[in-house]
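From first to last, the protein sequence lines are chains A and B. Going by the numbering used here, the residue at position 79 of the first sequence is 79; the numbering climbs one at a time, nothing skipped. Going by the numbering used here, the residue at position 118 of the second sequence is 118; the numbering climbs one at a time, nothing skipped.
Just so you know, the hints here were simulated from the structure itself, not pulled from any lab data. Note that the coordinates shown come from a computational prediction; the quantities given were computed from them, not determined experimentally. Just to be clear, a hint being listed does not mean it is correct.
One copy or two, either will do: identical chains are not told apart, so a pair holds if it fits within one copy or between any two.
25 Å max Cα-Cα, derived BS3-like pairs, lysine-lysine [unchecked claim]:
id, residue 1, residue 2
1, Lys305, Lys83
2, Lys258, Lys335
3, Lys101, Lys119
Number of protein chains: 2
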Amino acid sequence: MHLKIDSKTLAEALKKVEKVVNAKHSTTILQGIYMEATHEELILIGSDSTETFRFHVPVDGESLEVIEPGKTVLPKQVSEISKKMKKDIEMRLTGFKLLLKSGKTEFDLNTFDPEEYPKLPKLDLENPTLSLKGTEFSKLIKKTAFAASDSEIRPILTGVCLNLDGNNLNLISTDSHRLGLAKTSSTSGNTIKLVIPAKSLDKLSKTFDLQEDLHIYCESDNQLIFRSGALMFYCRLLEGNYPDTSRLIPNEFKSEMKVNRIEFLNAMDLVKELANNADNGKGGVVKLHVNGAATISSHTAQAGKGTVVVDYESLEGEDEYTISFSARYMMDALKAIEDDFVNFKFQGAMRPFLLTPCESNFEELQLILPVRTI
Amino acid sequence: MHLKIDSKTLAEALKKVEKVVNAKHSTTILQGIYMEATHEELILIGSDSTETFRFHVPVDGESLEVIEPGKTVLPKQVSEISKKMKKDIEMRLTGFKLLLKSGKTEFDLNTFDPEEYPKLPKLDLENPTLSLKGTEFSKLIKKTAFAASDSEIRPILTGVCLNLDGNNLNLISTDSHRLGLAKTSSTSGNTIKLVIPAKSLDKLSKTFDLQEDLHIYCESDNQLIFRSGALMFYCRLLEGNYPDTSRLIPNEFKSEMKVNRIEFLNAMDLVKELANNADNGKGGVVKLHVNGAATISSHTAQAGKGTVVVDYESLEGEDEYTISFSARYMMDALKAIEDDFVNFKFQGAMRPFLLTPCESNFEELQLILPVRTI
């Protein structure tokens, strides 16, 4: 392998794949970054065996010139090194030694045997299971993934359930105390139901340029593949049955209140400062009392109590009630909804309540279980 | 106590003193923030008993209006609360309850007894031991404090030694493997020698607006007081004798090399990626070989080796030698010096070397002990 590459091009390509690479991985070969140069492109792969990123840079003769094709697996340090180099880089592989040269800088890197690197499954790029706008999928993730569990007690709940049913696509996640659901339409026609780790979706959101189209390939039971532009992401699916959440979502409510979302969020942010058990990771408990206005309050035995009154826009049904909930859950849900106004849908003080956008063309809901207080 | 204050004014004042306040401090009263309103000013104090910040806001009838003087000790949460309030705040103390009101927001805070709050020592503000420009003191700190030890094995080395000898002021710190020294002149005429915790100086740099003059008061053996504008900082001194460092600093050298500081720093930053033991907190070991140019190199058994050649500007004395040192120590020292060029002063492969600025009117030096390599 012998090539010349612009340092910025190399650094940006490595950045796309290095996130999942662990220099102390128990499988030695995965400690490195796979690199393959052909006369058409430079391929980079990083993997921790459950998640894999693949990126390619086309040969354009300007930022990349391949003199002699070849492949190697580089130590992870190549990523930091290329970031700090300011000029063109020449790379030449001799046996298992890679010479990386740029101006008066020379690195002699010990490489791994590329034949030992796990092969990626063959893929029919032209036939994705599902294609949609990156921005749209990103929205679906933003509105659901945060509600997944971060505890491994029920591993399936650390995932986000993707349901594709003909032309309907929805994402659901729940940690059993709250649930986020977002729907969109699709032209796919396929039917699949699978559970993607919420952390993988988070990595996807952060690594992909979601301005482009996103293609999703589902060719085996335990892996899903995402592709957008030159980047591909292979992620292991969660095994097990996702709980049936449809029966959890109520249709009838005692009361519906329309409030300004940002006003409500700011009020929560203020009141949560005096919420009890604020350090239990759920941001403590706050109380909502509706009676002519929405009064949010909190108290701690030590520091005192706080109250913020938010005027509602409109209210239908029961016009006086009290309900308590986790401050963090409420704020997460209010942040996920992007509308100016939200509907607060109340079923009873000890029953789950819903938050939905008022005007959005995005079909979504946030469900939260109340907290019992004395 | 009854007053009206602009929320931004209150939030900024609380921010100045809250840094040292620990809501779980074993001395209950120090969990709070002391507040005293007179017809002239509002005084705020935060303390963890070793470090204390005091700030005052003058009554101007606009951003602050004191209706009834008084004093209290507020729970620390008041700081976050005031930050999130967007309007004028009214504060009224009734017994041990403080009502904090702003628009439709009300907080009823449980306060502590202000009589229990530790009294600050009286101070003759007009007669500081030493006054100098804040920016100048900040420079002295920047060039020395990083070299203090972060290990408590020899507590005295976690401090910075301040020497004021008539018209000379210098700061020294060492962790016994490196030393930073910076000098300036002073019109004080006093003579003192004391050891300030490096962490306190760091807090000082971050909290004070060092564009203003800084006044230092030394009225007891165990405390030093800093004042700049409306802010005061009381800090506990370290007890014990600071080691005599004067005998550590060599005067004669075998070789002096002038190099471009940023070029040398960038080369270090690149080469350190392959430095051995890079995770020991000292950034691994790199080697400098001088022979017609300065060649910096590193290697690890696993990943390989790296070399960067930096051309020197000039060299006097011995023109071929090799020396090894901690990458982090070298980079810290190069960052502390602000000159375009540094002098690398060499005594021998196993003897400490010096880095000094080439043109600076600031008298300073960075001394580093080499690392023995095989």
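* To do: Find the hints from earlier in the document that the structure breaks and name them by number, from lowest to highest.
  => 3
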